[in-house]
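Asks: Which chain is which? The protein sequence lines are A and B, in order. Here the first sequence is numbered in my numbering, starting from 469 and rising by one per residue. Here the second sequence is numbered in my numbering, starting from 37 and rising by one per residue.
Everything labelled a hint here was simulated from the structure, so no lab data went into it. The reader is advised that the hints may include incorrect statements.
[Unchecked claim] So, partial list: chain A residues that the calculated Cβ filter (under 10 Å) puts toward chain B: (1) E495; (2) A496; (3) A506; (4) N582; (5) V584; (6) A586.
Note that this is a predicted model, so its numbers are computed, not measured. Just so it is clear, CB atoms sit at the ideal spot from N, CA and C, and this is done for glycine as well.
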Amino acid sequence: MKASPFDHRQDRELGEALRSALTGQNEAEFVRRVVDAAVDIQQLQAGGDEWWEILNVWARPGLAAAAIGTIAAAALWWSGSRGPIESSTALADPLQASVEIPAAFLASEAPDLNEVLALELGN
Amino acid sequence: MKEKNGTNGSVCQHETPSMRMDSRAMADARLSDDTELAALAHAGDRDAFGELVRRYAGQARRVARAVLGNEADADDAAQDGFLAALRNLGRYNPNRPFGPWLMRIVSNAATDRRRRRKVRETEQVPPETRESGPGPDGLATRREFNAALERALATLPKRRRIAVVLFDVEGYSHDEVAAVLKVPVGTARSDVFHARRALRKALAGWEQLKEDMQ
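Throw the hints in and build the complete structure from the sequences for me.
Replies: Set out below in structure tokens:
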């Protein structure tokens, strides 16, 4: 009985021929080479955690830092929004301070230009 | 019970129910064994990983060689496959057999390497290794036959190569071949069938040489 391609069982003759053609040499050396390469990977894996584990470790400090940052930003914003009022007050102070107005400016008639210039130069 | 057939000397095996039970029990034991080794390797046990490599080195190298067609590249790809499997042992489902899972990774690694090699150079047909010199002795004939078989294999589509090697060389079932190739079982059957037919046709002229080798 000739082996049929339809056969659901292994074609042992073809299997043996393929095994002989495809089997590489020096299997022990190959195994050693793979195991040596694996040692490096295992060392890397032992040293490095998975990304979610790293994130988990950083979750609490991260949240605390985010909260502090938010508070600082809010404080800055709040102080910034108050800034213009304080500065206008600061500018208003000299204006509100009592200043002696020269008599020339209090006269009912327009002062002579030379008097005004003399006053300014005198100051 | 093994039976030698008259026409072509092929050996075919008829399974009795008790043999099927034995092989099933062996497969279960192997599954559990491989699963334990995989768990240990995942936990960092180097010896367990070494044992898995020892068990599957032959298979992995043959599957990679069926894809790549040369031994050096095949060994590199098989190594890539083992290391990728080690990195991904956490994703291995212990309720499934380890072999098909590993062979899928190895065949993917070989396919990647083949793709990269194609970018570098046009694919080379395996060189003729026909021996020159005086009349064929057993070793030379074996080499010639193997070279012819490899050349015939290289003419097949990649999926069929993997299918026939897994089924006829490594003894995987059609279901397992389908799992490795990620195709329906019917497609795996068809791949094995077409690969066998093509290989048998390509090797039809070697009947005399086969008899010389035996």
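Asks: Compare the structure with each hint and give your call.
Replies: Structure-based check of each hint:
Annotation: E495 (chain A) was flagged as interfacial toward chain B, and the flag holds, the nearest CB pair being 5 Å apart, inside 10 Å. Interface hint status for A496 (chain A): upheld, as the beta-carbon distance to the closest one in chain B is roughly 9 Å, under 10 Å. With 10 Å as the threshold, the beta carbon of A506 (chain A) comes within range of chain B, its nearest partner Cβ sitting at about 5 Å, so the hint holds. Given hint, N582 (chain A) at the interface with chain B, is violated; its Cβ is 95 Å from that chain's nearest Cβ, farther than 10 Å.
Hint on V584 (chain A) is violated. Least Cβ distance to chain B is approximately 90 Å, over the 10 Å limit. The restraint placing A586 (chain A) at the interface with chain B is violated, with a minimum CB-CB distance near 93 Å, outside the 10 Å limit.
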